[in-house]
Each structure stands twice: as structure tokens, then as C-alpha cells.
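Visitor: Chain by chain, the residues run as shown.
Number of protein chains: 2
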Amino acid sequence: MRLLEEKILKDGKCLPGEVLKVDNFLNHQIDPVFMDKLAKEFYRLYKKSGVTKILTIEASGIAVATLTALRFGVPVVFAKKSKSSNIGDGLYTAKVASYTHGVVNDIVVSKDFLCKGDKVLIIDDFLARGSALMGLIALVEQAGAETVGAGIVIEKAFQDGGKIIRDMGVRVESLARIASMDDNGTIAFCK
Amino acid sequence: MRLLEEKILKDGKCLPGEVLKVDNFLNHQIDPVFMDKLAKEFYRLYKKSGVTKILTIEASGIAVATLTALRFGVPVVFAKKSKSSNIGDGLYTAKVASYTHGVVNDIVVSKDFLCKGDKVLIIDDFLARGSALMGLIALVEQAGAETVGAGIVIEKAFQDGGKIIRDMGVRVESLARIASMDDNGTIAFCK
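Chains as they are written, first to last, in our numbering: chain A, 27 to 217; chain B, 27 to 217.
Hints were generated in silico from the structure; no laboratory data involved.
Using N, Cα and C, we set each Cβ at its ideal position, and we do this for glycine too.
Possibly wrong hints are sitting among the right ones.
Selected chain B positions facing chain A (in silico; Cβ < 10 Å) [claimed, not checked]:
#1 ILE56
#2 VAL59
#3 GLU84
#4 THR92
#5 PHE98
Have a look at the derived ranges for each label pair, beta carbon to beta carbon [claimed, not checked]:
#6 B/CYS141 - A/LEU41: 18 to 26 Å
#7 B/THR119 - A/GLY76: 41 to 49 Å
#8 A/GLU172 - B/LYS73: 39 to 47 Å
#9 A/SER108 - B/THR119: 15 to 23 Å
#10 B/LYS217 - A/GLY116: 30 to 38 Å
#11 B/LYS189 - A/VAL45: 42 to 50 Å
#12 B/GLY76 - A/ASP132: 14 to 22 Å
#13 A/LEU29 - B/GLN185: 40 to 48 Å
#14 B/LYS73 - A/ASP186: 41 to 49 Å
#15 A/SER108 - B/GLN185: 22 to 30 Å
#16 B/LEU41 - A/THR119: 18 to 26 Å
#17 B/GLY43 - A/ASP209: 44 to 52 Å
#18 A/ASP186 - B/LYS47: 49 to 57 Å
With these hints in hand, go ahead and build the complete structure from the sequences.
Guide: Next up, the structure:
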């Protein structure tokens with residue numbers, strides 16, 4: 027999606043360790059008008075998939091997932107990163123490694139909100155090594171629901187998460203796919 | 027807002043300790059079409075206030091804040107609950123107690139995203155003792171910006187946060203104000 031690639035080149039910053047900082051429109055400050063254009067594109071890509079639910083993970087996936095869910099007219103569920111004292115015991119759980127933060131989190135979703143028969147579109151802001159996405163797919167499987175696909179804002183295609191998950195047979199649509207980036211700020215996108 | 031009061035009576039659950047569980051449309055699963063009606067009401071209430079930025083706190087404030095920001099056509103910034111390794115050093119910080127979870131968190135916002143001259147509308151899902159809202163107001167003050175008001179989805183009016191913050195001279199608009207609730211599931215709203 028050219029509009030997103032231009033936004034990344036204009037506003038993104040490369041930090042050491044192949045970290046792409048896009049916190050002025052996606053991760054910390056959110057540009058809702060721009061995000062809504064991404065949501066429109068996810069809707070275009072998956073409108074024939076019979077989506078009944080959007081699944082994302084707190085916190086930075088929630089904004090774009092909510093706007094996408096509004097376009098589909100279906101609920102959005104966000105997986106939480108640790109067990110909250112008032113979430114109840116009936117939980118699906120998976121482990122997710124965050125390489126940025128150097129921790130492994132349990133992610134949880136209430137059994138009330140993912141059900142057998144649900145056709146789930148997973149939305150997230152980033153795909154790199156794929157740990158979060160694999161965790162979310164595991165939650166959907168535990169519920170006996172179906173992952174119809176994933177909609178990712180930015181994929182670091184030079185890392186292997188996208189390949190692994192596509193090789194599992196999951197449809198993954200990434201709106202920007204980064205082929206390479208370096209500490210000097212040079213970003214190249216996949217053709 | 028009668029629509030919201032009806033939704034709370036239909037879908038909310040009272041748990042011991044005056045916890046109101048509304049995780050099927052607000053806190054865990056989000057009903058985006060319904061949330062967008064709340065966003066429309068926040069816009070109606072504050073459209074003449076010259077809002078330049080929406081501020082909320084992760085995670086469950088993000089959905090309704092994003093939809094509200096879309097209506098205003100301004101950015102939304104979400105305060106983060108602890109220092110992330112790639113957020114940078116230039117931060118405004120405040121302390122927020124969570125009585126539900128029994129912890130005190132540092133909340134942070136990058137200095138890049140709250141600026142002198144900003145007219146900030148704070149949006150959050152709940153107001154009870156007011157700790158989160160006071161923390162967010164403190165972040166706005168640190169930036170030299172102005173809090174034009176707060177938009178709250180559900181206020182527990184039987185706790186003192188709303189009164190304290192209104193007494194500080196801050197405009198607080200809550201879409202549902204709960205006068206009392208008990209463990210038997212009886213909820214009464216303020217007239």
C-alpha cells in the first residue's frame with residue numbers, strides 16, 4: 027500500500043537493532059484518519075471471507091483493529107497480556123515473546139468471546155518473528171474457531187515470522203512489507 | 027445517555043467489591059458500532075472546545091478514544107503504563123493507582139506528542155476514585171497544555187473521583203453515572 031510506505035518513509039525512524047519507530051501515527055500517537063484508511067483496505071481484502079470477529083492484542087493493535095471492526099460491523103476482542111483480577115477463570119491462553127521488551131507474556135482471551143464457528147480476522151500493527159501472531163492463532167484454535175487470515179500494518183519481511191505463518195497455510199496480508207532497513211535510516215520495501 | 031444505561035443493565039455484571047464487569051462491549055470484547063455512538067456523543071459535547079488532541083490510557087480506553095479522535099479529526103495519544111525500551115527518554119510521567127489490580131503504575135507520554143498550546147480532551151472508559159484521570163491531567167499540565175475536559179464512558183458516582191476532579195475546575199462529562207450497585211446485580215443510575 028503505497029500510502030503507508032510513504033508515511034513510513036516520512037515519519038518512521040530506524041533505531042539500532044532493526045527497530046522501526048512509528049510512534050507518531052501507529053504505536054503511541056495514532057492518526058485516526060490515516061488508520062481508518064488502513065482499516066478500509068483490510069475490509070477490501072477480507073470482505074468476502076465471512077468474518078464474524080476481529081482479534082487483536084493490547085495495546086497498539088487496538089486502534090486499527092477497532093476501526094477495522096467498525097467497517098465489518100463485527101465485535102473486536104483484544105487479547106490481554108497477563109491475567110487480570112476481574113477477567114474470570116474461563117480463559118484461552120498462549121505464550122508470546124516480545125523481542126523488543128525482552129520478556130515472555132501470557133496472553134489471554136475469555137472463552138466467552140471466541141467461539142466454535144467464529145471466523146476470525148486477526149489484526150496487528152507489526153509482524154516480525156511472528157510470536158504474537160502465532161499466539162493469537164493458537165487462541166483461535168483453542169476455541170475451535172477458524173482463522174480466516176491476518177491483517178498486518180507493517181511486516182518486517184527480512185525476519186521469518188511471515189514466511190513461517192504463510193507456510194502453515196494462514197493467509198497473511200501486510201499493508202507494508204519491509205525488505206531491509208539499516209541504522210542510517212534507509213528502508214527498502216518488498217517489490 | 028439512556029442507550030448506554032440500557033446496555034449496562036442488559037450486559038453488565040456486578041461482581042463483589044463494587045466491580046462492574048462490562049467486558050462484552052467495552053473492556054475485552056468491544057462493540058465498535060455501539061462505541062461509535064458514544065464517540066458521537068463525546069463529539070457533540072466537546073465540538074465547540076477547540077480540541078486539538080485526544081489523550082487516553084492503555085488499554086481499554088484506546089478503542090473509544092480512537093473513534094472519538096476520528097470524529098474530531100485530531101490525533102489520539104495513549105499513555106503507556108510502564109517505560110518501554112523503545113519509547114525514548116523525553117517523557118512526561120505520573121503515578122496511577124489501580125484499585126482493581128492492586129498496583130501503582132507509572133504512566134508515560136512522550137514529550138513529542140503533548141505540546142504547549144494543545145487543547146486536550148481526555149477520554150477513558152471508567153471513572154471511580156479518579157487516579158487515572160488525575161494522572162492524565164498531570165501529564166497535560168507537565169506539557170504546558172490545557173485540559174478542556176474529560177469524556178468518561180461510565181462513572182461510579184458513589185466514589186469520589188468525579189467530585190474531586192470537578193472541584194478542581196475540570197469539566198467532566200460521563201455518559202452513564204452509577205449512583206449505586208450491589209452484589210445482587212442491582213444498578214441505579216444518577217437522575
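Visitor: Could you run down the list of hints and mark each one as holding or not?
Guide: Consistency of the hints with the structure:
no., hint, verdict
1, ILE56, "holds, 5 Å"
2, VAL59, "holds, 6 Å"
3, GLU84, "holds, 4 Å"
4, THR92, "holds, 4 Å"
5, PHE98, "holds, 8 Å"
6, B/CYS141 - A/LEU41: 18 to 26 Å, "holds, 23 Å"
7, B/THR119 - A/GLY76: 41 to 49 Å, "holds, 45 Å"
8, A/GLU172 - B/LYS73: 39 to 47 Å, "holds, 42 Å"
9, A/SER108 - B/THR119: 15 to 23 Å, "holds, 22 Å"
10, B/LYS217 - A/GLY116: 30 to 38 Å, "holds, 37 Å"
11, B/LYS189 - A/VAL45: 42 to 50 Å, "holds, 44 Å"
12, B/GLY76 - A/ASP132: 14 to 22 Å, "violated, 43 Å"
13, A/LEU29 - B/GLN185: 40 to 48 Å, "holds, 45 Å"
14, B/LYS73 - A/ASP186: 41 to 49 Å, "holds, 48 Å"
15, A/SER108 - B/GLN185: 22 to 30 Å, "holds, 25 Å"
16, B/LEU41 - A/THR119: 18 to 26 Å, "holds, 21 Å"
17, B/GLY43 - A/ASP209: 44 to 52 Å, "holds, 50 Å"
18, A/ASP186 - B/LYS47: 49 to 57 Å, "violated, 40 Å"
The earlier numbered hints that this structure contradicts are 12, 18.
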